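Okay, here's what each chain looks like letter by letter:
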Amino acid sequence: MNNDIYVVIEHLRGQVADISYIMLAAGRDLARETGGKLAAVLLGQNAQALAENLAADQVLYGENAALAEFTSDAYQQALAGLISENQPRAAFFGSTTIGTDVAGTLSARLNIPLVSSCSKISDGMIVSQICGGKIMAETKLADTTTLITMIPGGYKPEQGRGGPPEVKPVPVSVADLKVALNQYIEPEVADVDITKEKVLISIGRGIQTADNIELAQALADLLGGAVSASRPVVDQGWLPTSRMVGKSGQRVKPKLYLALGISGAPEHVEGMADAENIIAINIDPGAPLFDVAKYGVNVDLFDLIDPLIEAIEAAK
Amino acid sequence: MTHILVPVKLVPDLVEELQIAGSGNALDMTWLRLIISEFDDHAIEQAIILKERSGGEVTVIAPDQEGMDDVLFTAAAKGADRITKLSGDFGEGFNNHALARAFASAVEGLAPDLILTGVQGNNDLDGSVGPCLAEYLGMAYVGYVAGVSLEGGKAVIKKEYPGGLIAEMEVALPAVLGIQAAEQPPRYVAVSKVRQMMKETSIVEIDAGDLDPSGGLDVSRMYLPEAAERAEMLQGNEKEVAARLVEIFKEIGVI
Ligand SMILES: Cc1cc2nc3c(=O)[nH]c(=O)nc-3n(C[C@H](O)[C@H](O)[C@H](O)COP(=O)(O)OP(=O)(O)OC[C@H]3O[C@@H](n4cnc5c(N)ncnc54)[C@H](O)[C@@H]3O)c2cc1C
Ligand SMILES: Nc1ncnc2c1ncn2[C@@H]1O[C@H](COP(=O)(O)O)[C@@H](O)[C@H]1O
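These protein sequences, in sequence, are chains A and B. Everything in the first sequence is counted per this note's numbering, starting at 1 for the first residue and increasing by one. Everything in the second sequence is counted per this note's numbering, starting at 317 for the first residue and increasing by one.
The hints are simulated quantities; they were obtained by calculation from the structure and are not laboratory data. Predicted, not measured: the structure shown is a model, and the values here were computed from it. Even for Gly, the Cβ is constructed at its ideal location relative to N, Cα and C. Check each hint, because a few of them may be wrong.
Said to hold, decoys possible - Some residues of chain A that are not near chain B, with every Cβ distance over 10 Å (derived):
hint, residue
1, N3
2, V192
3, A218
4, D221
As the list claims (entries may be wrong) - Computed list of lysine-lysine pairs in DSSO-like fashion (alpha-carbon distance at most 30 Å, straight line):
hint, chain 1, residue 1, chain 2, residue 2
5, A, K255, B, K555
6, A, K198, B, K566
7, A, K178, B, K474
8, B, K509, B, K367
9, A, K178, B, K470
10, A, K255, A, K316
11, A, K294, B, K566
12, A, K198, B, K555
13, A, K253, B, K555
14, B, K367, B, K515
15, A, K294, B, K555
16, A, K198, A, K294
17, A, K253, A, K120
18, A, K316, B, K555
19, B, K474, A, K253
20, A, K316, B, K566
21, B, K566, A, K255
22, A, K294, A, K255
23, A, K37, A, K168
24, A, K255, A, K198
25, B, K566, A, K196
26, A, K37, A, K120
27, A, K120, A, K140
28, A, K178, B, K367
29, A, K156, A, K168
30, A, K253, B, K566
31, A, K196, B, K474
32, A, K196, A, K294
As the list claims (entries may be wrong) - Per the computed footprint, the stretches of chain B lying under chain A, defined by three or more beta-carbons under 8 Å from a beta-carbon of chain A, are:
hint, stretch
33, 320-334
34, 469-475
35, 489-500
36, 528-538
The following block holds chain B by itself, in its conformation from the complex (with noise of 0.2 Å):
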């Protein structure tokens, strides 16, 4: 049976303000909400396509960040047969070389024929975790990936590249792909399929042990952009806005 395995992660809701830690190289941590990575979602809803389509078994594993929870009983919900996270120290500062690494010494004991990641996430720095991940397990990476499908100990892939051309490539199994898009938009489950869960099942808890960073970079500075030249923000009600947007468009002559 083909297992496929989803690692995922945490980072900033980028909705919220973003504030650089006293430090100055890293974010500050204390008021920052942290959401599942966009792309691990879309990994994680690819997951589940593959298996309704071809049968098999998904396993999405975590590193033990703070909310991660509730991401892993909502990846139940959603149809991932079993939830793993990985305790260690993944409270602050550590980055995607080591959880890399730490899902690499994870995976052995799980054998999985497939690994799909998000292609990126939105903090990262020192590259990306799936490429780290496939190096370290010695498997082929291909990211950018929007469409899976298994062919005999094989996996046909849609690349993406600009402007919507599609590579579509071959991958020997087992492979680590990053996945861009799912073939369909994540799905969204109840919150009451979530409680249920989490009533329902348990999280498997796989020690990470001590974590290496090594390879990984030391950030001198961290800020918030300063731009050179910043738009001209129009003020006034709705009303007035509009009837100075109405100008603008005579200026450039779009009316």
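Excised from the complex, chain A in its bound form (with noise of 0.2 Å):
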């Protein structure tokens, strides 16, 4: 083993995803650390000009017609040879539907731990949030290579940007595919865009029912705003998908996020850590989104609706 830091680079229909800076700015502190070179793995067909913003020492480019598009068979066969071959200190990849795929296979193929949900290096500590990010863990790096799923939160995009790094072609092998592409599906249209809204009541399990979905609605309306939600309020059918704030849905920044009964797992706080002014209303004191909120108020978000919509009425 030798003490390089990899970072599986992501990209999609042409564009690096920010995760993938987010990565490298923490593969940094890890080299930092462990005092070896800070090499990106790119993997594509003619996406060597994707290497150009990287801060890495060096990017390893491997070319392959199977890579073309992301697939986890194809990607996981390439990383495998890399990775068993050249044996870095650890290896990032983002925790997104594309690197979990990979990171959680090859752990088993190659018999060599994974540690979910990293946010941060911290003194040469993997730091994880778990738990719907109630509960920190650290890690150590392991004797072996040690392979990292990372999440936003602890850097910015633009600490992973730089270069353009030197390019070094790697040769990858991938047969006996599994998995297809058969084709993208766009998002449906919206009948409302929430990152254009500049104030979103949005919504959690904590709004119980759909039709309590209409006191949100009478708040944003009263704001000028939109009602956005998260995820299980969506996955209940209750909003659609164009709604949802988070990891699998949208990135918003409005300038006032008032969050009703929303816990403020990690997959919801990245849509939305960004906004200017959060308020959180939540019965449960311990609830993560007060540690992101500028303000939060600890009651029963039922309680606080009709006084609140008096209030602003009374003040128009």
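Assemble the dimeric complex from its two separately framed chains, guided by the hints.
In structure tokens, the structure reads:
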């Protein structure tokens, strides 16, 4: 094993994802501890130009027609070869629809540890957020290559932009694929674009029923905004996917983000942490969203909404 | 006939306050309330939707954790044909690698065409069960799945990308899919129906033998988050809080 740190670059349809730059920032912190090089691993077809802004010491570029679009098994095969041959000290993947599929299977295939949900490298320790953001865990690098999946929060993408780095082609071999991409299906056109709203009244599981959404809608109407939601509300079919905030939904940056009954799981926070003014209303004093919000109210949302609506009406 | 296997596990109920064990590197299990992992519940629902749509059999398999029987009888009440429990040392501190190996050894006798797991559990630290299980079985794995149909030896799946983008993919069977969301929200079953199942069905037990946690993690420390900055908590009764909120709305210029 050597002391190098790999960062597996995520890109989709010609765009490098922000998580790639975030991983490069984390990878730099770890490489400083191990004394190794920071290498970005870029896989694709005609994708070399994506290396341009990567703040890495070196880019290992694997070109193959089977890597033109992401599939879990093509990526896994390419990386299993690269990692077991070169034995880096650690390899970062996004805790994303791309990275988790690959890192999870590689851990079992190579029988090496995988640390999930890392948000930061701190004094060489891998700091993870689990249990919906209610628990932190610190893990050291193992005696073998350690795989890490990364969530945003601890670094800004700008910290991982730089370059252009040296690009070194590496051979990758891929065969007998079991997964194939048929097509991409574009998101449905939304009635409201929550990324453009100045005010979002955002509801979580605490709203309890679909009928209660009209309470949030009344607040949104009074403040000239729209209703957005956490994943469970959308998975219940109470609001369309276009209203979802977070990892799988939209990233929003409104002037006011008023969260009603949202716990603040990392997957949600990822989509709203950059809002200008976050106000969290939650009955649980330990809700992780209180660590992100500017103002918090520890009450039952159903006790607060009516007085709040009255107070706004009186003020107008 | 298509046989769909759904491995599930219990995870901490995050509504409860969580505490760290005396060892300093694990959750304190003493007062922990365990519930079925939310995404495993979606996996059960997706399996039953597939069975209703195109026939087949559904087996739900789970480690013998405290409270698991209720979860399994609930799955049976929803439409699972078989409910199975792995007996072994699943009290405290087993990791996902060990659980995936235990599932894998049980799978050999069950010969499923498709395995659906929840994409992730809230306490996953050494990766998730699904990808490990797929690899131990030599099957393909695709996660973040929100839609599955079966077409002649293949699963056609919808894989979620951020912002509502979907990748439609084909996966050769047998395969393991990590379910993010079932096509419909998990159905509700009446307690009476679950009780009826307890009388009519029984849980098949499979011995998991000794657990093998290798490839897992040595966690150095667990702790509760120490936020650098915490929200300013607004105090007072609801009326006072409402008045203060209106002031804040004015300060930031939304009223
Ligand atoms: C791969 C993946 C991707 C994901 N992507 C997303 C995503 O894009 N967006 C997203 O939001 N989630 C996402 N999730 C889910 C995420 O992990 C959480 O499960 C989710 O954010 C929780 O939503 P919630 O806060 O509404 O529900 P919960 O976590 O159940 O929280 C509900 C909160 O409401 C409070 N509450 C209850 N009743 C009241 C009341 N009367 N008054 C006040 N407060 C009350 C409770 O105290 C609790 O804090 C994803 C998960 C995975 C695995
Ligand atoms: N876009 C929306 N904004 C606010 N409330 C909504 C929205 N869509 C649906 N609802 C509410 O959700 C409930 C169920 O709606 P539906 O699922 O369309 O039957 C109704 O009470 C609606 O008031």
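Now the hints, each set against the structure:
| no. | hint | in the structure |
| --- | --- | --- |
| 1 | N3 | holds (20 Å) |
| 2 | V192 | holds (13 Å) |
| 3 | A218 | holds (14 Å) |
| 4 | D221 | holds (13 Å) |
| 5 | K255(A) with K555(B) | holds (24 Å) |
| 6 | K198(A) with K566(B) | holds (14 Å) |
| 7 | K178(A) with K474(B) | holds (16 Å) |
| 8 | K509(B) with K367(B) | holds (20 Å) |
| 9 | K178(A) with K470(B) | holds (10 Å) |
| 10 | K255(A) with K316(A) | holds (19 Å) |
| 11 | K294(A) with K566(B) | holds (15 Å) |
| 12 | K198(A) with K555(B) | holds (25 Å) |
| 13 | K253(A) with K555(B) | holds (28 Å) |
| 14 | K367(B) with K515(B) | holds (23 Å) |
| 15 | K294(A) with K555(B) | holds (20 Å) |
| 16 | K198(A) with K294(A) | holds (17 Å) |
| 17 | K253(A) with K120(A) | holds (23 Å) |
| 18 | K316(A) with K555(B) | holds (17 Å) |
| 19 | K474(B) with K253(A) | holds (28 Å) |
| 20 | K316(A) with K566(B) | holds (10 Å) |
| 21 | K566(B) with K255(A) | holds (12 Å) |
| 22 | K294(A) with K255(A) | holds (12 Å) |
| 23 | K37(A) with K168(A) | holds (14 Å) |
| 24 | K255(A) with K198(A) | holds (5 Å) |
| 25 | K566(B) with K196(A) | holds (20 Å) |
| 26 | K37(A) with K120(A) | holds (19 Å) |
| 27 | K120(A) with K140(A) | holds (12 Å) |
| 28 | K178(A) with K367(B) | holds (23 Å) |
| 29 | K156(A) with K168(A) | holds (26 Å) |
| 30 | K253(A) with K566(B) | holds (19 Å) |
| 31 | K196(A) with K474(B) | holds (27 Å) |
| 32 | K196(A) with K294(A) | holds (21 Å) |
| 33 | 320-334 | holds (count 5) |
| 34 | 469-475 | holds (count 3) |
| 35 | 489-500 | holds (count 5) |
| 36 | 528-538 | holds (count 9) |
The structure shown violates none of the earlier numbered hints.
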